[in-house]
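Could you build the full structure based on these sequences and the hints that come with them?
Quick mapping for you: the protein sequence lines, in order, are chains L and S.
Per our numbering: the first sequence = residues 367 to 749.
Per our numbering: the second sequence = residues 367 to 749.
Treat the hints loosely; a few may be bogus.
[Stated by the list, open to error] Below, simulated DSS-like cross-link-like pairs (lysine-lysine); rule was C-alpha separation at most 30 Å, straight line: (1) L:K599 / L:K516; (2) S:K516 / S:K684; (3) L:K630 / S:K684; (4) L:K599 / S:K630; (5) S:K516 / S:K599; (6) L:K599 / L:K558.
[To be verified] Far from chain L, some chain S residues (derived; all Cβ distances over 12 Å): (7) K516; (8) L626; (9) L672.
Bear in mind the hints are in silico, worked out from the structure with no lab data behind them.
Backbone N, C-alpha and C fix where the C-beta goes; we use that ideal spot for every residue, glycine too.
Protein chains: 2
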Amino acid sequence: MRNVSVVGIGQTQVGEHWDRSLRDLATEAALNALRDAHVDHADAIFVGNMLSGQLTGQENLGALIADEVGLRGVDTLKVEAACGSGAAALHVGYLAVASGQFDLVLVAGAEKLTESSSCNTTASLAMAADADYETVHGISFIALNALLMKRYMYEYDLVPEDFAAFSVNAHANAVHNPNAMFRSPITVEHYKRARDISDPISVMDSAPVCDGAAAVVLMATDNLNGNRARAIKIAASAIGSDSLGLHDRRDPMWLSAVELSSQKAYRQAGIAPQDVNLFEVHDAFSIMSVMSLEAAGFAARGRGALLAREGAITPQGKLPISTMGGLKARGHPVGATGVYQAAEVVQQLRGEAGKNQVANAHVGMAQSLGGIAANAVTHIFVN
Amino acid sequence: MRNVSVVGIGQTQVGEHWDRSLRDLATEAALNALRDAHVDHADAIFVGNMLSGQLTGQENLGALIADEVGLRGVDTLKVEAACGSGAAALHVGYLAVASGQFDLVLVAGAEKLTESSSCNTTASLAMAADADYETVHGISFIALNALLMKRYMYEYDLVPEDFAAFSVNAHANAVHNPNAMFRSPITVEHYKRARDISDPISVMDSAPVCDGAAAVVLMATDNLNGNRARAIKIAASAIGSDSLGLHDRRDPMWLSAVELSSQKAYRQAGIAPQDVNLFEVHDAFSIMSVMSLEAAGFAARGRGALLAREGAITPQGKLPISTMGGLKARGHPVGATGVYQAAEVVQQLRGEAGKNQVANAHVGMAQSLGGIAANAVTHIFVN
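This is how it looks when you write it as structure tokens:
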């Protein structure tokens with residue numbers, strides 16, 4: 367396999383972009399990434415997106431974005447893996463460059479969730495769950511996560527406040543990220559006063575519905591010719607999977623796909639969890655952060671929340687997470703999120719993360735989940 | 367790049383499967399392919415599908431199908447490129463094996479179009495066109511193709527009957543394909559009497575709305591160990607793209623994406639059009655067959671229909687097309703179609719095409735289009 371490096375990144379601000387279309391957002395991010403890479407073309411464009419059909423009446427995004435970016439003609443397709451779509455597109459981009467068929471690949475993740483009624487958005491997001499066995503009963507995706515959080519609190523004798531440190535960290539980090547949706551710090555008091563969405567999940571446990579696009583440019587490492595000091599190597603790209611339905615898991619309290627995907631990634635990169643300097647976790651809901659930290663090998667079972675309470679997850683801690691705001695505060699435009707995470711890890715490993723810079727960051731990991739970790743996509747980057 | 371071979375194929379019958387779900391169909395095809403390959407696992411599963419979200423309320427098909435097939439845990443994702451989704455998934459599978467990350471990959475294409483109202487299906491299929499510039503005006507995907515056919519007839523002084531040979535050939539070939547939807551031969555008289563759907567496109571110019579699934583198993587050619595006599599090599603896998611919107615093309619009468627993708631594929635395979643022994647063309651509408659034959663280099667501009675009238679496209683002709691019935695008569699479950707085409711070419715190159723066997727078939731080409739060739743996915747197979 368050829369080695370693959372990220373040589374350019376681009377992001378739009380995350381937010382409610384009522385005045386902008388999906389193609390606008392994707393194009394801005396893609397052009398930013400090409401500019402950042404100092405290239406004006408790509409051999410292929412892979413687009414991550416979950417709900418453009420449902421919410422904006424448009425499929426076939428690969429050809430659309432390729433054309434809008436000015437690269438009509440190139441190899442292109444869309445990748446979908448629910449909320450992990452962007453990261454899955456990056457996985458395809460990685461394989462495409464590693465294979466030798468393409469030297470220069472653009473990966474863009476884009477999502478526009480605010481173009482529809484919130485009711486339709488909620489129903490559409492539930493398509494990440496099992497339509498025949500879960501959503502047919504009327505349960506929303508948030509409610510599924512709420513069931514999981516409730517059970518987790520019961521199993522490990524926790525209260526909602528034990529999850530507060532995740533949101534506090536995410537919001538604190540978003541303050542200094544110009545692309546973040548929520549650039550206001552919160553306190554534990556804010557967390558405790560927050561309105562419930564689906565008991566016990568409050569607005570402060572939950573990533574927002576929003577719009578955004580991010581892109582990265584990948585190049586065969588052999589082709590860097592030593593003149594790209596800011597290139598960041600992709601040391602691992604791996605996907606693990608699980609049942610869509612929670613009911614169908616031997617152990618619903620353990621994210622097998624996260625474990626599988628993390629272990630595969632560690633093997634590929636030749637590292638162990640303790641070598642990771644920062645971790646962009648899939649904090650769509652606080653409970654997902656907690657369970658991901660455990661299954662990825664950063665905390666013992668039942669101890670994920672403790673890691674946060676001890677301060678380990680802040681930029682100065684031993685395992686900084688959500689360093690640019692995470693899904694919670696940067697925002698979670700679902701099919702774009704995995705690409706945002708990759709771009710943010712690259713910012714960190716380049717030393718360009720500004721006030722959120724993690725000191726001595728050499729190994730960064732990004733993990734994006736589809737459904738309740740029905741799939742987990744893990745990338746490890748090294749500088 | 368590692369060489370990649372197809373070592374197993376599986377297909378469900380194409381039809382209106384009112385009693386079966388998308389997961390049922392995909393699972394049957396996938397298990398058939400694994401059985402045919404004499405393997406009981408795959409390292410990764412890539413699923414091609416266009417409209418499961420719209421029509422069956424289910425996204426995240428990768429994890430779903432992996433689980434249903436009994437391979438929960440593996441690397442998996444969904445690929446979408448409108449009607450070219452299945453072929454695009456095959457492209458990803460090809461890159462994945464070529465890269466060296468995976469030795470054994472299952473590619474499944476699945477689509478269930480009959481689970482919704484025909485009105486909703488028509489609206490959903492139009493998502494292959496440009497939502498902001500075409501479908502916003504209320505035009506359906508068939509109507510777009512009808513505009514193209516009308517203009518083509520005007521440019522080259524043709525009448526609908528000039529297109530009849532495509533449908534006659536497709537139906538004749540489907541008679542002997544147990545997986546085909548329409549196993550009844552038709553005559554030019556039937557064609558002439560057929561009801562219009564969107565003038566000048568009649569039901570006999572148009573592939574049916576239907577359900578189906580197909581799958582192939584890919585293996586690194588180096589790993590065959592000489593004991594897989596039925597393995598068929600993938601000599602080329604290439605995608606070309608164009609604008610989604612017809613209005614936006616310099617020359618709407620020429621399928622640039624088909625030309626680009628075919629030329630790339632010929633270069634990869636080291637062959638010329640005249641080396642191709644059979645061509646599974648994207649005959650969703652007769653006009654697409656005609657224009658594809660031209661842009662792919664099999665007929666001069668404006669002469670595609672003539673090729674059919676001269677009999678070149680029958681199994682005994684110099685360029686057999688739609689050899690197992692094509693999209694027209696085997697059926698066109700959109701996201702599955704590209705994988706059906708691949709499986710059928712493999713049947714031909716193995717010498718297992720029964721009464722439709724093309725004599726001395728050594729080089730087979732399959733081409734699948736998304737939108738009005740907004741993307742074209744071309745695969746060349748050799749035995």
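Going down the list of hints, with the structure as the test:
1. L:K599 / L:K516: Distance of about 39 Å is beyond 30 Å: violated.
2. S:K516 / S:K684: holds (28 Å)
3. L:K630 / S:K684: Distance ~49 Å between L:K630 and S:K684 Cα, so the pair is violated.
4. L:K599 / S:K630: holds (29 Å)
5. S:K516 / S:K599: violated (39 Å)
6. L:K599 / L:K558: Answer violated: L:K599 to L:K558 is near 41 Å, above 30 Å.
7. K516: holds (23 Å)
8. L626: Per Cβ check, S:L626 is inside 12 Å of chain L; nearest 5 Å; violated.
9. L672: holds (28 Å)
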